[in-house]
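Enquirer: Residues per chain, in single letters:
2 protein chains.
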Amino acid sequence: MNRNLFSKHISNNRVKINDTFWNEKIELVRSEVISYQYLALQDKIEGAEKSYCIENFIKAAKIVKRIKNGEEVPVYPADKWQYDENNSDKNAFHGWVFQDSDVYKWIEAAAFSLENHFDEELKKKADKFIDIICCAQLENGYLDTLYIINDREKVFTNLKDYHELYCFGHLAEGAVAYYNATGERKLLDAACRFADLICNTFGKDKKRGYPGHEIAEMALVKLYDVTGKSEYLETAKFFIDERGKKPYYFDIERGRKTVNDNYHYNQAHKEPRYQSEAVGHAVRGVYLYSAMADISKIYGDDELYSACRNIWNNIENKKLYITGAIGSTVDGEAFSFDYDLPNDLAYCETCASIGLIFFAQRMAETEPDSKYFNVAERALYNTVLSGMAEDGKSFFYVNPLEVLPEASEKDSRKRHIKTVRQKWFSCACCPPNLARLISSVGSYIFSENEDTVYINQFISSGTETDKADISIKSEYLENGKVRVKVNCKKSFSLAVRIPENSYIKSSHKFVSEKGYAYFDIDKNSEIDLQFDMGIKIIKCSNRVRANIGKAAIMRGPVVYCLEEADNGKNLHLLSLCKEPDFEYKDGFIFANGLREKADENLYSIYSEPQKEKCRLKFIPYYRWANRGENEMTVYIRTE
Amino acid sequence: MNRNLFSKHISNNRVKINDTFWNEKIELVRSEVISYQYLALQDKIEGAEKSYCIENFIKAAKIVKRIKNGEEVPVYPADKWQYDENNSDKNAFHGWVFQDSDVYKWIEAAAFSLENHFDEELKKKADKFIDIICCAQLENGYLDTLYIINDREKVFTNLKDYHELYCFGHLAEGAVAYYNATGERKLLDAACRFADLICNTFGKDKKRGYPGHEIAEMALVKLYDVTGKSEYLETAKFFIDERGKKPYYFDIERGRKTVNDNYHYNQAHKEPRYQSEAVGHAVRGVYLYSAMADISKIYGDDELYSACRNIWNNIENKKLYITGAIGSTVDGEAFSFDYDLPNDLAYCETCASIGLIFFAQRMAETEPDSKYFNVAERALYNTVLSGMAEDGKSFFYVNPLEVLPEASEKDSRKRHIKTVRQKWFSCACCPPNLARLISSVGSYIFSENEDTVYINQFISSGTETDKADISIKSEYLENGKVRVKVNCKKSFSLAVRIPENSYIKSSHKFVSEKGYAYFDIDKNSEIDLQFDMGIKIIKCSNRVRANIGKAAIMRGPVVYCLEEADNGKNLHLLSLCKEPDFEYKDGFIFANGLREKADENLYSIYSEPQKEKCRLKFIPYYRWANRGENEMTVYIRTE
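First to last, the protein sequences are chains A and B. In case it helps, the numbering used here puts the first sequence at residues 1 to 639. In case it helps, the numbering used here puts the second sequence at residues 1 to 639.
So that you can see chain A by itself, here it is in the shape it has in the complex (with noise of 0.2 Å):
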């Protein structure tokens, strides 16, 4: 690692965005997802799955309350909790383990929403809700409403399974969020005290967990970034180093022998430090990746920075999806194998992508590559995008490249591909997470070091530096063209990414290294760049099985695909000519395609398929699936 090529990005409130695609999208999570989330999180959406979030929170702060009293509380065997939509125990905690994190990531995202446009009314919901949350924490700072409402003995008794250290995480950076943009303290004041009693909890010499579902390990380091206390980090580092050993504490705190390899889905099967691949619960898999990059980078632990290119490394060049998905079986919400890339049983979780922007960004933090952005730009304009309908109301966790609504009612294999959005689940991980990244993405578009300005995306938008004014305005998605605007305040370098597939034209003379084009400032300037927004045809390696003998369109990030509503069903039997002569309009691409006249008989003497012309309508895949259930398909055969 090079220290001086360090740099770190410009935080979504030093960063105003004004960029017609990107303020729609903001709107649409601040006015749609925010708002009917704040009344899904208090069950007040009828007909809604029930989330029961609030309602821990308000039982949860009714048992504090006793416990000061001196009064007698309940126990319910919290270590026998199931999620029991019929529980019949009312008092008991209700929905799932990890039920509190879903207000923290509202909070999150609203945080972000209140520092892209202030809204009296939005903060006021959300100190309502900080309150209830605060009531609920105990004395020691504990703050995880299953446990306080079921049983206060077994807290941190079942670090795999139970979610504490998850909703731990949660709170931590939905309270950083929401000090950073209101300067409130309240909200974080608690996460410090549960950090607190985590710390004081775990450590060499203390208890030698680790979370079961990583992101308590990043969040540490935010409270630390935020507080400046150092036991945080040193606990992060602890959980990331304490993780996978031998034998392991997940065997330990269930009274079981380390037999085995085990604990992949964990992540937990080996120190982080030795591993190399990206394996098990996806989600888990880039929130820990993302931890690592942090801690690797703050105490420039090599080992630990390598363990993180090998799987960031193993991850973009064998198990990421075109549209920057990853996790490709349902089983576990997991990573598979390198290059088991299958369109049509994929689980590509909206939050897997999400994780993803983390982990990228930070790589990028400590490594200016055009790769890492690269990748979070292929996440974030598809993946992420298409996890929203467009009217902001309903939401896919699963994003498949590759839809048959028949089978996914069929095929039990396959029941996890949604062919429609859905409204609000019980299991809301995604909607929120996806409110909370929408609501920052002016995070993702700068970042800087003592030298250098590094613009990692083209989104319209400006930010006041210590080095100079800067100000984007954008017309990257429709036609390739940036103009960056610099009120220089002292000479420095202005690093300007380089996409993917795209050549870089310029008013200004710059330097290419690793996919950044560099500009030397030294006075205001106005910089015309214009990138390469041609359609392309792009292979996916041969060695996915899925997609030998097809290809896939894109422009500029964008990710194209068919739908049935325009190119009618079977869009199997279609195919890309070889000169498609494509035509772009209206944010479409026509292309000349073929279509194969569908075969009688199921099998018969081979004979040359006969086709017929078709003229092709590609639709942005992150617009797919807001016209009723139908075919999808990002991969066509090619000719």
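Note that these hints are calculated values from the structure, not bench results. Don't take every hint at face value.
The list cannot tell twin chains apart, which means a pair is met if one copy fits it or any two copies do.
Stated by the list, open to error - Simulated crosslink set (SDA-like; lysine to any residue; CA at most 25 Å straight-line): (1) LYS270 / ALA389; (2) LYS473 / HIS508; (3) LYS410 / GLY332; (4) LYS371 / LYS523; (5) LYS410 / ASP261; (6) LYS318 / LEU574; (7) LYS578 / SER604.
We have chain A; now place chain B onto it with these hints.
Expert: Chain B in isolation, oriented as in the chain A frame:
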């Protein structure tokens, strides 16, 4: 239905096989499979999973003795049975609920084997098992060791999941076969006593249930054939008529309310006569459909027969693998939806193809159309034969059309796809089923009615009928030549099946109808037949998404495949040239192919794939996986 066209197969005990290819298989089953299974059933194979089969019968016999002596007998909760390798109570029933059926299938295989090759030692072994079995029968005729050992009070209380009637079916089939082979009635009498109990228990004004796993229906028809007892036929008909009626018996026996369409898995979602699609567990399905064909023919039930035809057509035209395999999905080991025939996720159980042969034979006996034995032939020469290793020592349950060992190891969705044949399983349905089918292959060659003898398979063999003594000398697999020698006793019509995708040339005049060539015979004749054994490139309908742009190679009934052992890794990179210049040599097929160069990058701008010439080597599908673990594919891309 046209009664004049009805025919009946000439059973194995009347057919003498003298065929190089089949004699070897039959002898392998006799010398290897039947001997091995004899020991396996008694848990005398070191290192193999335990069967418990004979052990259970011995335990049950002890219980029967104690009951006779008026002694007290223990009760184990039969309704709480579960498969448990480490079942701690040694006196309880062990193994699967259908464990009894293994010895019955073994006896059936042994019976057929004795017909082919009388072997005093084998008969002694069978008689020993029969003695053990008969000692385990209760006074009232009941004979299922799970309930006899565990709880006599609970018999027939869980028809849905516990396989009493299934085990009875195999008992009856084994008993009929053994009686046909040896003329000895001991097991037949035991089966009849159990059948009498079943007939007295189930019926219109009695208990209204029906089997969860079908086979008793088909078996009762066989018992009727041998004994002439009409009650057996009536009960078989009752089981079929009652099945799927609402409220569902499977709900009634569990005290549930029937709310919705359910029990597709058991083909009990609606009355069989109203079914038109093959659904649910594939083995159960074809066993039921076979019985439906039996019953519709015997009763002249056109409606039921129409259901058989619809289901048959659904299988043949939409749910059949090129290898004669059925059951596309591991979930429920079941039929999937139309045209859903994945190669690499297939289930394709050996037993299901065996059951399909039963169904095909019965359909052909009602309506002479070559399509039935075309499918049976596909199943026989491909999926059935691939079920057994060339040394007869290991077996496939699942017969996929594409295998990547890495996927079977690392992808839990493909964990059922074994890359090498397995030794005896605790759930040993396929090996004994395969043994009985191969040993009885003589039953699938000839059928007859008053004026016609049908030749359905081209296996060197002879039979004597009242019309003529007929012998077949077949070089079918080698060169397509078949000579039929007829010693005529009276004039009749000889009908010879014309194989799918083949011409027929003959030394004698004939008339073709529905795929059979009809020869008028009124004197001793030697008919020389020539079938097309040219190598065929076969196209699977492009409605099957997995196979678009691909083809398979067949020669006669034999499907060929590519193995890594001959063609290197990454078989998916291979393609078949437009001018393949086929060569057939020593049972193998060689052809011109191309090999795509493996791509370096996961994603790149599309360019024409680079390919180099190669010579492909195809082996018969039934011979795959005899050289250790390696990749295999039936389908190859076409240029």
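Enquirer: Could you run down the list of hints and mark each one as holding or not?
Expert: Hint by hint, here is what the structure shows:
For the homomeric pair LYS270 and ALA389, neither the shortest alpha-carbon distance inside one copy (39 Å) nor that between copies (39 Å) is at most 25 Å. When the C-alpha separation of LYS473 and HIS508 is checked against a cutoff of 25 Å, the pair qualifies only within one copy, where the shortest distance is 16 Å, while the shortest distance between copies is 87 Å. Proximity of LYS410 and GLY332 under a CA criterion of 25 Å is satisfied in both settings, with 21 Å inside one chain copy and 12 Å between copies. Taking identical chains as interchangeable, the C-alpha atoms of LYS371 and LYS523 are never at most 25 Å apart, the minima being 29 Å within one chain and 84 Å between chains.
When the C-alpha separation of LYS410 and ASP261 is checked against a cutoff of 25 Å, the pair qualifies only between copies, where the shortest distance is 14 Å, while the shortest distance within a copy is 36 Å. Only between protomers do LYS318 and LEU574 lie at most 25 Å apart by alpha-carbon distance; the minimum there is 21 Å, versus 27 Å within a single protomer. Proximity of LYS578 to SER604 under the C-alpha cut-off of 25 Å is restricted to the inter-copy arrangement: shortest distance 17 Å between copies versus 28 Å within a copy.
In terms of the numbered hints stated before, the structure departs from hints 1, 4, listed from lowest to highest.
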